[in-house]
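One letter stands for each residue in the lines below.
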Amino acid sequence: MLSNIIGNLWKQFTSDLKEFLYNIQEFFLFSLRAFFTFPKMKRYWRDVLDQMAICGTDSIPIVLVSSISIGALLAIEVGNLLEDFGAKTMLGRSTSISVLRELGPLLMGLMLSARFGSRNGAELGAMKISEQIDALRAFGTDPIAKLVMPRLVAALIMFFPLTALSDYAGLHSAAYLAEHYHKLDPGIFWNSVYPRLVPKDFVVGFLKAPVFAIIITLVSSFNGFSARGGTAGVGRSTIKGIVVSSGLVLVANFYVSKIVLENM
Amino acid sequence: MIELKNVCLSFGDKQILKNISLKVQDNTIKAILGPSGVGKSTILKLMLGLIKPDCGKVLVDGTDITSMKETELYEIRRKMGMVFQGNALFDSLTISQNLGFFLRENLNLPESEVAQRVGEQIRFAGLEGYEDKLPESLSGGMRKRVAIGRAMIFKPRMILFDEPTAGLDPVSSKKILSLISDLRHNNNLGAVIVTHIIDDVFHTADCVSVLYQGEIIFDDVTEKLHDSQHPFIRSILSDKILEL
Chain A
1 MLSNIIGNLW KQFTSDLKEF LYNIQEFFLF SLRAFFTFPK MKRYWRDVLD
51 QMAICGTDSI PIVLVSSISI GALLAIEVGN LLEDFGAKTM LGRSTSISVL
101 RELGPLLMGL MLSARFGSRN GAELGAMKIS EQIDALRAFG TDPIAKLVMP
151 RLVAALIMFF PLTALSDYAG LHSAAYLAEH YHKLDPGIFW NSVYPRLVPK
201 DFVVGFLKAP VFAIIITLVS SFNGFSARGG TAGVGRSTIK GIVVSSGLVL
251 VANFYVSKIV LENM
Chain B
265 MIELKNVCLS FGDKQILKNI SLKVQDNTIK AILGPSGVGK STILKLMLGL
315 IKPDCGKVLV DGTDITSMKE TELYEIRRKM GMVFQGNALF DSLTISQNLG
365 FFLRENLNLP ESEVAQRVGE QIRFAGLEGY EDKLPESLSG GMRKRVAIGR
415 AMIFKPRMIL FDEPTAGLDP VSSKKILSLI SDLRHNNNLG AVIVTHIIDD
465 VFHTADCVSV LYQGEIIFDD VTEKLHDSQH PFIRSILSDK ILEL
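Protein sequences, first through last, are from chains A and B.
Residue 264, in the numbering used here, is where the first sequence stops; the numbers in between run on with no holes.
Residue 508, in the numbering used here, is where the second sequence stops; the numbers in between run on with no holes.
Careful: at least some of the hints might be erroneous.
[Stated by the list, open to error] Calculated pairs, EDC-like style, for lysine to aspartate or glutamate (alpha carbon to alpha carbon, straight line, at most 16 Å):
| no. | chain 1 | residue 1 | chain 2 | residue 2 |
| --- | --- | --- | --- | --- |
| 1 | A | K18 | B | D277 |
| 2 | B | K278 | B | D318 |
| 3 | B | K316 | A | D134 |
It is worth saying that the hints were derived from the structure and are not from the lab.
Computed from a predicted model, the values in this text were never measured in an experiment.
Whenever a hint applies, use it, and build me the whole structure from the sequences.
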């Protein structure tokens, strides 16, 4: 009896492990194929522009909301803390580092994972379930070149201005709160920001943009392409795409910061 | 000509096709008849190289496509048109955009020729006035006709139909079957029709293969189906529709 249970559990474990490793292998092959289709960019430039509008301009509101909120929150909390030590004049420096290096890009990544990633997963999953992706292949069109490459190129291009926007909005909301909540003179705030900013502060933040773009686009598209099992399957693959890409964004955020800060 | 030689295929632990062989000659309509979930649509996907068999060969005009790369398969696939069971129309494109999509995508034809070919298919499918509608605004039968038009627009030599009348009302089914019969008479095309409705077979097919439990149990001209003594074939001849 017990040996049967253990046997079944072991069988289940090995089966799950095999499926996990198979999915990893498929994901890397899928990613390689997406990069190898870059030379077809000229042919699909309209699709690239469409995707730039979707992941770029259409994402501005959510990026603004998240960056303004985090900038404001940081200004209040860090300002309260610094006030206890009589170091309120350092508020600009503290918030700018947090916004530029860490929280600005991270929150933007998570928001885009939810917005752009879920759209990719659901759209491509629905296309897979309704055999539209098979139809592309059946009529001689490479679905990765047509559907994934434009998304990847668009994300790689648009995540940079979105990061810049996120940084700008986050810093200005922090400055606004510093002035009106902590009654800190704007000149003091900005003086503690600009002279102390160094190139690596920007490198850390902006290097995360392409890393997040690759993670979010490829993970969500792969899960869309792997959807099966009807509309419920589309839901499952979309959720899986968001969960995995959000997790990977958090991990990548840590490693990019660590690698850049240790080497610059 | 399309030929499957000793093809076997499994999905996980389940063996779908067991060492099956069949031929589809040019300019003939061949039906593949069998109950749902037996692997009929899988045979069409094998013919297009969308999936690869575990063993055996799939020959298109004598060329084995099982070992071909995806990019090499694109040329082979353009010899065939495929009408998917759910039509697989691009729901964000209009009817004329759907029809012209692969011409614009894969052949560098001038826009005037694309428009001409799209117009021909619109007329063939009897969809004048619907050119700018989205697929969602059409009936099931109309969508099927658009899917047939899209498959034909490349001027292929063979069209593969996956359950062409599934989910359609009797009038629409009859229209679709007439359209399929017209394809051969007017365009000299061959076709493979996968179906579980035996009336579709008698209405359109020159020859038929019956797939049962992963094996071909009958492969001959349609008229001879009545002579078969196989219990499964006897049962489908009496029931007409395979409700399995």
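Right, here's what the structure says about each hint:
Between the alpha carbons of K18(A) and D277(B) the distance comes to roughly 14 Å, so the proposed pair stays at or under 16 Å and holds. Pair hint K278(B) plus D318(B) holds up; C-alpha atoms about 12 Å apart against a cutoff of 16 Å. Under the criterion of a C-alpha separation no larger than 16 Å, the hint pairing K316(B) with D134(A) is consistent with the structure, at around 14 Å.
Going through the hint list in order, the structure satisfies each hint without exception.
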